[in-house]
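J.: Here's the letter readout for the chains.
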Amino acid sequence: MTTTVHVGLAATVTGGVGASPLRPDGRLKVTGEFAFSSDLWADDMLWGATLRSPHPRARITGLDLGPALRIPGVYAVLTHEDVPGRRLYGLEHVDQPVLAADEVRYQGEPIVVVAADHPETARRAVQAIGITYEVLDPVTDPEAALDDAGAPRVHADRPNLLRHVPIRRGDPHATAAVVVTGEYEVGMQDQAFLGPESGLAVPAEDGGVDLYIATQWLHVDQQQVAACLGLPADKVRLTLAGVGGAFGAREDLSMQVHACLLALHTGRPVKMVYGREESFFGHVHRHPARLRYEHGADADGRLVYVKARILLDGGAYASSSGAVVANAATLGIGPYDVPNVVMDAYGLYTNNPPCGAMRGFGAVQACFAYESQMDKLAAALGLDPVEVRVRNALHTGDRMPTGQLVEGPAPVAELLRLVQAKPPAGQADFPPGGTANTTRGEGVVRGVGYGIGIKNVCFSEGFDDYATARVRLELIAGRPAVLVHTAAAEVGQGLVTVQAQIVRTELGVDQVTIAPADTAVGSAGSSSASRQTYMTGGAVRAACQAIRDRLLTRLEGRAPSHRHTYRKGTLPSSEGGRAGETALRLADGQVFGEDGTVVADIAELLADGAIEETVQWRHRPTFPLDPETGQGDAHVQYAFAAHRATVDVDTELGLVKVVEIVTAQDVGKAVNPAAVTGQIQGGTAQGLGLALMEEIQVVDGKVRNPSFTDYLLPTIMDMPPMTVDVLELADPHSPYGLRGVGEPPTISSTPAVVAAIRAATGAALTRVPVRPEHIVGV
Amino acid sequence: MDFMTPPTWADALAIRAERPDAVPIAGGTDVMVELNFDRRRPGVLLDLTRIGDLTTWAMDGELLRVGAGVSYTRIIEELGDRLPGLAMAARTVGSPQIRNRGTLGGNLGSASPAGDGHPPLLASGAQVELASVRGTRLVPVAEFFTGPKRSVLAPDELIAAVWVRPADGPEQFSKIGTRNAMVIAVSSFSLALHPGRREVGTGIGSAAPTPRRATEAELFAAGQLPWDTLAALEPGVARRFGELVAAAASPIDDVRGTAAYRRHALAVLAQRTLTWAWRDLCG
Numbered sequence: 001m002t003t004t005v006h007v008g009l010a011a012t013v014t015g016g017v018g019a020s021p022l023r024p025d026g027r028l029k030v031t032g033e034f035a036f037s038s039d040l041w042a043d044d045m046l047w048g049a050t051l052r053s054p055h056p057r058a059r060i061t062g063l064d065l066g067p068a069l070r071i072p073g074v075y076a077v078l079t080h081e082d083v084p085g086r087r088l089y090g091l092e093h094v095d096q097p098v099l100a101a102d103e104v105r106y107q108g109e110p111i112v113v114v115a116a117d118h119p120e121t122a123r124r125a126v127q128a129i130g131i132t133y134e135v136l137d138p139v140t141d142p143e144a145a146l147d148d149a150g151a152p153r154v155h156a157d158r159p160n161l162l163r164h165v166p167i168r169r170g171d172p173h174a175t176a177a178v179v180v181t182g183e184y185e186v187g188m189q190d191q192a193f194l195g196p197e198s199g200l201a202v203p204a205e206d207g208g209v210d211l212y213i214a215t216q217w218l219h220v221d222q223q224q225v226a227a228c229l230g231l232p233a234d235k236v237r238l239t240l241a242g243v244g245g246a247f248g249a250r251e252d253l254s255m256q257v258h259a260c261l262l263a264l265h266t267g268r269p270v271k272m273v274y275g276r277e278e279s280f281f282g283h284v285h286r287h288p289a290r291l292r293y294e295h296g297a298d299a300d301g302r303l304v305y306v307k308a309r310i311l312l313d314g315g316a317y318a319s320s321s322g323a324v325v326a327n328a329a330t331l332g333i334g335p336y337d338v339p340n341v342v343m344d345a346y347g348l349y350t351n352n353p354p355c356g357a358m359r360g361f362g363a364v365q366a367c368f369a370y371e372s373q374m375d376k377l378a379a380a381l382g383l384d385p386v387e388v389r390v391r392n393a394l395h396t397g398d399r400m401p402t403g404q405l406v407e408g409p410a411p412v413a414e415l416l417r418l419v420q421a422k423p424p425a426g427q428a429d430f431p432p433g434g435t436a437n438t439t440r441g442e443g444v445v446r447g448v449g450y451g452i453g454i455k456n457v458c459f460s461e462g463f464d465d466y467a468t469a470r471v472r473l474e475l476i477a478g479r480p481a482v483l484v485h486t487a488a489a490e491v492g493q494g495l496v497t498v499q500a501q502i503v504r505t506e507l508g509v510d511q512v513t514i515a516p517a518d519t520a521v522g523s524a525g526s527s528s529a530s531r532q533t534y535m536t537g538g539a540v541r542a543a544c545q546a547i548r549d550r551l552l553t554r555l556e557g558r559a560p561s562h563r564h565t566y567r568k569g570t571l572p573s574s575e576g577g578r579a580g581e582t583a584l585r586l587a588d589g590q591v592f593g594e595d596g597t598v599v600a601d602i603a604e605l606l607a608d609g610a611i612e613e614t615v616q617w618r619h620r621p622t623f624p625l626d627p628e629t630g631q632g633d634a635h636v637q638y639a640f641a642a643h644r645a646t647v648d649v650d651t652e653l654g655l656v657k658v659v660e661i662v663t664a665q666d667v668g669k670a671v672n673p674a675a676v677t678g679q680i681q682g683g684t685a686q687g688l689g690l691a692l693m694e695e696i697q698v699v700d701g702k703v704r705n706p707s708f709t710d711y712l713l714p715t716i717m718d719m720p721p722m723t724v725d726v727l728e729l730a731d732p733h734s735p736y737g738l739r740g741v742g743e744p745p746t747i748s749s750t751p752a753v754v755a756a757i758r759a760a761t762g763a764a765l766t767r768v769p770v771r772p773e774h775i776v777g778v
Numbered sequence: 001m002d003f004m005t006p007p008t009w010a011d012a013l014a015i016r017a018e019r020p021d022a023v024p025i026a027g028g029t030d031v032m033v034e035l036n037f038d039r040r041r042p043g044v045l046l047d048l049t050r051i052g053d054l055t056t057w058a059m060d061g062e063l064l065r066v067g068a069g070v071s072y073t074r075i076i077e078e079l080g081d082r083l084p085g086l087a088m089a090a091r092t093v094g095s096p097q098i099r100n101r102g103t104l105g106g107n108l109g110s111a112s113p114a115g116d117g118h119p120p121l122l123a124s125g126a127q128v129e130l131a132s133v134r135g136t137r138l139v140p141v142a143e144f145f146t147g148p149k150r151s152v153l154a155p156d157e158l159i160a161a162v163w164v165r166p167a168d169g170p171e172q173f174s175k176i177g178t179r180n181a182m183v184i185a186v187s188s189f190s191l192a193l194h195p196g197r198r199e200v201g202t203g204i205g206s207a208a209p210t211p212r213r214a215t216e217a218e219l220f221a222a223g224q225l226p227w228d229t230l231a232a233l234e235p236g237v238a239r240r241f242g243e244l245v246a247a248a249a250s251p252i253d254d255v256r257g258t259a260a261y262r263r264h265a266l267a268v269l270a271q272r273t274l275t276w277a278w279r280d281l282c283g
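Residue numbers (full-length UniProt numbering), protein chains in the order written: chain A, 1 to 778; chain B, 1 to 283.
Chain A extracted, bound-state conformation (with noise of 0.2 Å):
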């Protein structure tokens, strides 16, 4: 469906900002024939394969090659010592061996790769190779990992404990006349995207390798790749493949280094495709968090203080867990205003497989933990829960603990009031239990929950985030079109869709076409962090405006009668005016004046031939946090949902129906509200699946449920009908005004579904994902 948005006096722009545009990959998708990263293929390619380790914690005693390198069909079979660059890699901390060498860390841990012309070749080699392990006790409990004395070291190098953010505000010691306290555990998440981790490499003639990939962050596999080949960068050339999902999963190198290994030795292109199970144990997941909290509140209900503990378990390798920690601690104590603030957020290394971003980042641990101590407050002063919480609720002008100025909109009591005020749900379509026939109304109890929370929007602690964009306008058969080229990931999220949607707005050119992604134009930054939108839109839209000041001073030293005096005015806000701007506009392939009388065709002025700017665009900048105090302006933007969820609970088998969830999310700007709308459903459901089944089990450091069979998702028998309010309260730092929206959806519909069950059940439910038999308590 595509509307059309008004912009300015004189014209019309179909499918620009505000509009939602159909998006390019919507109906390949659906019908199956869209092309994702494991679709790749190249003539005379090899396949790629894994020997993992079964081991959480081992020490390699022994390896036999041979019997994989007779296997005929075999091309090669690699180890870490063919790794000829550096042979460890990493996010925040290069700690993760490309291939192991001496010791495995983690179940599953990559030890040797091997190429082979089927990939069934390719199976039997990894399968004969012959290895053998000193197996060692495995670091499983985060608790005992602290303790840097008892505990054994999972990298003999340094101490288990891999971040440690602390944050004080306030005085330490306030005390308070109600006090709750509570102990919660988060268990371990997997973004479960549909699309294994796969892609193609081509060694190149200049001695380079050419990978085709489905990742989130092209550059930083880039320069991850080109440090462990030993090449320089130039020579390893990134181009994106159809991603079929990513939530956070493919911010790590999973089959990058191994996949262009085996090309370059070989001298043939090599897939790699994970299978089902391998995913489970190809990218990081969400880390498992043990928190304890303590709120102290006046009679009213405000909150004195918070005190909390928050402990994340980071697996083998660091991956990007202290840019979790330094999340959960910030934003631990949720949309809040707290003067007294004592918070200690600790990563730690384990035996356990490695954790790193998910969809949330730190901040969904944390939510479910302050806002099942929210609730918990709200019972002990007897108040309504959304009563207690818009009575702590941030607003513009508070601080966070971290001493944080919240500046722009933070309708964090509007967004609940707004929930709460929707009329109660109806009846629902099915009972607990959905077709299996479980009850026909015994035991079922109704029960509604609410929960908000806060995320923070880009990259955080002074990190240099920036996006770049090349935007080129020209004629095409003499009409005008604009080429854009970025490396950012189309993940599913639908960017290509808005960078087409800002150059519209912004050019008025209806013919836009996205350049496939790739390395030969700079650095996009990571679709993660609910930043793309924010970044790379920002920087298409700062080369559209560089571009459209090229072509205004063309009309200068026009012909008379075309001639227009090109001068600088300021358009009103409400229309998208900026400072110094030009009152001109472009609009249906044309340039109006202020009278609304057109001036000129674009395709004329580009007679003089394409117009191409190069844009790299920076948010403004954050700053580190204080190591002792937590206190600093961190992040860039907060962004704020609020969820209201209706269960029909069977309380005698513990099953759940999910009857309705109400959410409200201020998104500053929706772009393409079609999208956003998306971005909010399935963000929601993402945190459903937390509240009632998705948990990758781990027992003794081994994954026990590495498959869709045991991995549980929400069906559409599980997720509800969704009301939707979606407020745009314009952020004065972003493009639009936007604000991002991938996140927030996530964070806060996992404690509103807890908290309705708890309502129906009265059971404490201090752990997601609730199952049955916390419910039924037996």
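A portion of the hints provided could be inaccurate.
Claimed, not checked - Listed next, the in silico DMTMM-like pairs over lysine to aspartate or glutamate satisfying Cα-Cα at most 20 Å (straight line):
| hint | chain 1 | residue 1 | chain 2 | residue 2 |
| --- | --- | --- | --- | --- |
| 1 | A | Lys376 | A | Glu185 |
| 2 | A | Lys702 | A | Asp337 |
| 3 | A | Lys702 | B | Asp253 |
| 4 | B | Lys149 | A | Asp710 |
| 5 | B | Lys149 | B | Glu129 |
| 6 | A | Lys376 | A | Asp337 |
| 7 | A | Lys307 | A | Glu185 |
| 8 | A | Lys702 | B | Glu129 |
| 9 | B | Lys149 | B | Asp30 |
| 10 | A | Lys702 | B | Asp38 |
| 11 | A | Lys702 | A | Glu143 |
| 12 | A | Lys235 | A | Glu205 |
Please keep in mind that the hints were generated in silico from the structure rather than gathered at the bench. Owing to the predicted nature of the structure, the values given are computational and were not obtained by experimental measurement.
Take the given structure of chain A and dock chain B to it, following the hints.
T.: Frame of chain A; chain B shown alone:
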């Protein structure tokens, strides 16, 4: 790996006899998962989908003979009136796509303790027809399973059909899963009332090494139900029935649930299904 597609049942049995490394495949909803997960590398895949007889059902005297290749979807659509308990179970199997492909014979062949088709077959006293070049035999479902994913099926045998008496009273099937669709049973329970002979049939799924009956519970209910008066069910009878069903299970803790919860849930399901079935019988 060889892929063989015999056009007739006799050909299939001959291949099965010659190739002990053959794995029969019909819908492929179990076998293909095993292959994809690299848990199995059969020498031969023996495709049974060309054998038309396997996908038919018919009354034979007082019994229904349901071909091993009849899909869950067809059980729901074509046999819902005669085998309501089995149809209820079929509705809970996987997704629509799985129900279109998956077959009753495949369910038996996999012999999973969690197979959704098994409890209703136990409750209605069905028999499994096994065939080989040596001949044909009938095995009561209750004797078919010997352990987790193990059965009495001999290496040269194929499952030909299931023989079952059409329902002669109310039947029920209930299944616990941790999501509302597309889930493997945490535990399940099937009940069949046989008012004509004043008997009660049961089947427990996913709560023991094999699907099994709750014999003591069956006898208790048969003895306690007021068959003559069709009076309302005493709550105490339903409760005791639930306890006996739970006691008949020997569940384990695994990724899908705890033993304690499975037992608890079975007691609740048994109590509820008996209440519903009795109410249905009394009109």
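J.: For a C-alpha distance cap of 20 Å, please report whether lysine 149 (chain B) and aspartate 710 (chain A) respect it.
T.: Answer holds: lysine 149 (chain B) to aspartate 710 (chain A) is near 18 Å, not above 20 Å.
J.: Is the straight-line distance between the alpha-carbon of lysine 702 (chain A) and that of aspartate 253 (chain B) 20 Å or less?
T.: holds, 16 Å
J.: Are lysine 702 (chain A) and aspartate 38 (chain B) close enough, with their CA atoms no more than 20 Å apart?
T.: holds, 19 Å
J.: Given the hint that lysine 702 (chain A) pairs with glutamate 143 (chain A), does the C-alpha gap stay at or below 20 Å?
T.: holds, 18 Å
J.: Do the alpha carbons of lysine 376 (chain A) and glutamate 185 (chain A) lie within 20 Å of each other, as the hint requires?
T.: With a Cα-Cα distance of about 16 Å, the restraint between lysine 376 (chain A) and glutamate 185 (chain A) holds, given a limit of 20 Å.
J.: If you draw a straight line from the CA of lysine 376 (chain A) to the CA of aspartate 337 (chain A), is it 20 Å or shorter?
T.: Given pair lysine 376 (chain A), aspartate 337 (chain A) holds - Cα atoms ~18 Å apart, limit 20 Å.
J.: For lysine 307 (chain A) and glutamate 185 (chain A), compute the direct alpha-carbon distance and say whether it is at most 20 Å.
T.: holds, 17 Å
J.: Is the straight-line distance between the alpha-carbon of lysine 149 (chain B) and that of glutamate 129 (chain B) 20 Å or less?
T.: holds, 18 Å
J.: Can you confirm whether the C-alpha distance between lysine 149 (chain B) and aspartate 30 (chain B) stays at or below 20 Å?
T.: Since the Cα atoms of lysine 149 (chain B) and aspartate 30 (chain B) sit roughly 12 Å apart, the hinted pair holds (cutoff 20 Å).
J.: Would the pair lysine 702 (chain A) and glutamate 129 (chain B) pass a check requiring their Cα atoms to be no farther apart than 20 Å?
T.: Since the Cα atoms of lysine 702 (chain A) and glutamate 129 (chain B) sit roughly 41 Å apart, the hinted pair is violated (cutoff 20 Å).
J.: Check whether the Cα positions of lysine 235 (chain A) and glutamate 205 (chain A) lie no farther apart than 20 Å.
T.: Given that 20 Å is the threshold and the Cα spacing comes to 10 Å, the pair holds.
J.: Next pair to validate is lysine 702 (chain A) with aspartate 337 (chain A); report whether the Cα-Cα distance is within 20 Å.
T.: It is violated: about 41 Å lies between the C-alpha atoms, which goes past 20 Å.
When the structure is compared with the earlier hints, violations turn up for hints 2, 8 and for no others.
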